[in-house]
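Trainee: Now for the letters of each chain:
Number of protein chains: 2
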Amino acid sequence: MTQTPQFQTGADVRRAARQGELTGQTSGLAAGFVQANLAILPRDLAEEFQQFCRLNSQACPLLDVTQPGSAAPETIAPTADLRTDLPRYRVWRDGELIDEPTDITDYWREDLVSFLIGCSFTFEAALLNAGIPVRHIEQGVNVPMYRTNIDCVPNGSFHGPLVVSMRPLKPADAIAAVQITSKYPTVHGAPIHLGLPDKIGITDILQPDYGDAVEVRDDELPVFWACGVTPQSVIMAAKPPLAITHSPGCMFLTDIRDVDLATA
Amino acid sequence: MTQTPQFQTGADVRRAARQGELTGQTSGLAAGFVQANLAILPRDLAEEFQQFCRLNSQACPLLDVTQPGSAAPETIAPTADLRTDLPRYRVWRDGELIDEPTDITDYWREDLVSFLIGCSFTFEAALLNAGIPVRHIEQGVNVPMYRTNIDCVPNGSFHGPLVVSMRPLKPADAIAAVQITSKYPTVHGAPIHLGLPDKIGITDILQPDYGDAVEVRDDELPVFWACGVTPQSVIMAAKPPLAITHSPGCMFLTDIRDVDLATA
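If you're matching them up, the sequences are chains A and B in order.
Numbering follows the numbering used here, in which position 250 of the first sequence is assigned residue number 1511; successive positions increment by one, without gaps.
Numbering follows the numbering used here, in which position 93 of the second sequence is assigned residue number 1354; successive positions increment by one, without gaps.
So that you can see chain A by itself, here it is in the shape it has in the complex (with noise of 0.2 Å):
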């Protein structure tokens, strides 16, 4: 979570991406800011992805929405490009990963809308500024993920399980969790789910679906949130002629800050 000075805002990130300069992952970056999951689709999927987000909001808040074509997410950060200020971005035909480029100026077309979704970024830090340990920051791992047994609202093409993060905690911070994490609706809100993972299809907390295994003591209780990576499956599965994404933990930075986001 090193922070160099040039990495004091938002847009100081998404420079140093638009110049070439930072090509890898954001997290600890412009810390305070807030960072946001990538996802575009063409217009005539595009109203059905947005209903999907809508109906599993916990799963996919969505913090901004472009017009067809507009490079610039107006609410969160209106002088941004999203096809140049992302350190890496991955592209998909079918489904299928074909690129993984800096910049995406080459694969941008007038019909392409951009859903930036919020980022557990947020709230892990609002849980450490209050005392609370997260497991994988403690062990620089990536957070580990599952997919649940729990399906979410289908709309159209778009319908898949559930995916969730997990991060072991002792109960008093696991009741503190929640209500620090309930303040945060954009960004996944409270968890959806704590203690006894296999009543929601886990059958092995050691073996992540995505991310890396981290220990849950026995003192500990594991605690689900909905993940930004149920989208990102969602949209793999209905594969879509074109999607571009976010690389795994290079996101986008904002102009808001992490205060912003929380209710009173």
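Just so you know, these hints were derived from the structure itself, not from any lab.
Beta carbons: idealized from backbone N, C-alpha and C, even for Gly.
Be a bit skeptical, because a hint or two may be false.
[To be verified] With beta-carbon atoms standing in for the labels, derived distance ranges: (1) A:L1358 x B:D1459: 42 to 50 Å; (2) A:G1289 x B:D1480: 18 to 26 Å; (3) B:D1465 x A:Q1400: 58 to 66 Å; (4) B:V1414 x A:I1411: 40 to 48 Å.
With chain A held as given, fit chain B onto it using these hints.
Mentor: Same frame as chain A, but now just chain B:
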């Protein structure tokens, strides 16, 4: 939880108690009005006890404290008379129960200070209103309560273990219950623990220290709240020359409403 027409308000219940028409428990009477635990101590112990309550506010949330010799709780029921308006009392000398009268006029002294302490009836009503089932209410028994291995913050003569009440909940309901009860800090607030009962010194969940055992199903977690029995057990252990409490379940009905205690 049936309600006769004469018990529409807290004042109705107090009048019936005063007139000797109500001598039993108050659960479900004048629904929507806050019920309170009562503890009365001589003035020379009152300050020490009040500070104990402040230091342990989750277990001992003070709704009101009277002036010495006054039997009217000015904040929560200014027209009430605490000597006559509860259905039944318990009188203790040196920690020994000596009487269970329906009126304490004969025991009254000008140096007595009354403490009105929040009660979980208020948050249970909020849980039920949110569609969260409360097992001991479903089963028509008293809530199970346990002495924990967590010590209250001691103050002078007053010290002892935190007593907790337990309600078994499905994980998603437990998360919602944290959110709901967090809004009621003056009636014990959020749970203090969930899952893993042995970590707070509870070796057999089916053997409560007070109240009745209830089933914890395999898709449920035991959820623990600080309990109003804590101040009672602490007072008894301090063996004051005189103490008067409500008789179990025979609470004081206030003029304030459950909704008035909810924070934003």
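Trainee: All the hints need checking, so say for each whether the structure fits it.
Mentor: For each hint, the structure was consulted:
Taking 42 to 50 Å as the suggested C-beta distance range, the pair L1358 of chain A and D1459 of chain B conforms, at roughly 47 Å. At about 38 Å, the beta-carbon gap between G1289 of chain A and D1480 of chain B misses the expected band of 18 to 26 Å. At roughly 35 Å, the beta carbons of D1465 of chain B and Q1400 of chain A sit outside the given window of 58 to 66 Å. Look at V1414 of chain B against I1411 of chain A: about 41 Å separates their beta carbons, and that is inside 40 to 48 Å.
Hints 2, 3, counting from the list given before, are not met by this structure.
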